[in-house]
Structure formats: structure tokens, C-alpha cells
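In case you want the letters, here they are:
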Amino acid sequence: DAGVTQSPTHLIKTRGQQVTLRCSPKSGHDTVSWYQQALGQGPQFIFQYYEEEERQRGNFPDRFSGHQFPNYSSELNVNALLLGDSALYLCASSYLSGGAGDTQYFGPGTRLTVL
Amino acid sequence: QKEVEQNSGPLSVPEGAIASLNCTYSDRGSQSFFWYRQYSGKSPELIMFIYSNGDKEDGRFTAQLNKASQYVSLLIRDSQPSDSATYLCAVTRFSGGYNKLIFGAGTRLAVHP
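In the order they appear, the protein sequences are chains A and B.
For the first sequence, our numbering gives the first residue as 1, with consecutive numbering after it.
For the second sequence, our numbering gives the first residue as 1, with consecutive numbering after it.
Just to be clear, a hint being listed does not mean it is correct.
Here are the in silico distance ranges between beta carbons for each label pair [what the hints assert, rightly or not]:
#, chain 1, residue 1, chain 2, residue 2, range
1, A, LYS13, B, GLN70, 18 to 24 Å
2, B, GLN70, A, PHE60, 39 to 45 Å
3, B, GLU3, A, GLU53, 23 to 29 Å
4, B, ASP58, A, GLY3, 15 to 21 Å
Calculated directly from the structure, the hints in this document are not laboratory data.
For every residue, glycine included, the Cβ atom is placed at its ideal position computed from N, Cα and C.
All chains, please: the whole structure from these sequences, using the hints.
Here is the structure:
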């Protein structure tokens, strides 16, 4: 049973650049949530996708955008990168249609460093 | 006041002891509660979830929920050095018609031989 996968593992960018992170949910899951985790902090909710639509959004600027594809995989895009965007970006999947949308399983994360 | 509060620790316990991790939350409407374990440099791993008041046991782990007092705890029996990690508490918050997970900052547990 394939778990949640994310790519790339690590990424180094410079200020002002744009980045795209990718996530494939656990087999059988239909919902993808994205989180940002700064060092020493808990994950902060960015947004959630279900049925290819953004269902909810946390307190993140419009520079953060996303997409969900028909196969349930998802992308997170961040434009105009700032130094403060350096963090571990986590994707979590869940099975909303099965009534277990709250139970989320995390991927290994993408470590983004902005120089 | 943070929505989900945890003592940052470190909580240091000897091997074989019971580790008790606590979490309080502010939203009385929260319905689902989760404990995740996160090793340094890794992603969070789901340990347990609990929805109803009382205790829920899974192996060496017991989650306790008291909605009236708005706290949830995790007990780890027979603690092992491999349990040394940061433990994240997460609760759901209903907003805009949907639930979303709100995390605490985590409690660092150190189990020493």
C-alpha cells in the first residue's frame, strides 16, 4: 500500500523565484492538505483540496497557490519567494468521501531553503 | 491565547517509565483529536486519534480526552529511547463549513537509558 509521496526532497531557491512542490496521496485517499512547518513550530495549515477545488485556506498570502489533478495528486506553488518561506512543506492526505477526512497521513515533506 | 497549547519540554523520563504529554485547546466545538510523533528531520507520523471523552488504548499508548476541561493527553507506558521525539497534538476546528486541523507546537520527549 503506497503511502503519501512528495517531490522533491530538498530544494534551494533564491529570493523572488517561484517553486512548485508535488504530492501524491495515499492509495484510496481523495483529499490533500498542505502545511508549512518552520523550525521548532507545529505544522501551519496552508490549504486543502478536494474534488480538484480548494475547500479551505489558512492565513497565507495569495503567493501560495495550489492545484489538484483528477488522479488526486496535488501541487503547491509559491511565487516571489521570501527568506521567510524557508521551511518544511508537508502534504497530508485523507479520505473525505469515506467520512475520515479528519484523519490525515503525512508525506516525507519537502525542505525548501530560500537564499 | 494559542488555539492548541503544549508544553515545549523537553520532558525527560527514564527508560521503562510512563511519559505523560498534555495538550489544551480553546475551541469548544472541536470534535476530533490527534497525536502525531515527529522525529528530528522527519515528517509527523500518526499515533492515535480520539473522538469521545475517556480513554483509548493502543499498545503502549493511551489517549485521554476531557472535552469539559478542553484537554487531551497521551500516556506512553514502558517508555523506550526510541520514543524520544517531538509529539504534536492536533485538533479539528470547524470553519467555513469544513473541519481543519490545528496543531500545537509540540512537546519534546527525551527517554534516557
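Which of the numbered hints are not met once you compare them with the structure shown? Of the numbered hints, 1 and 2 do not hold.
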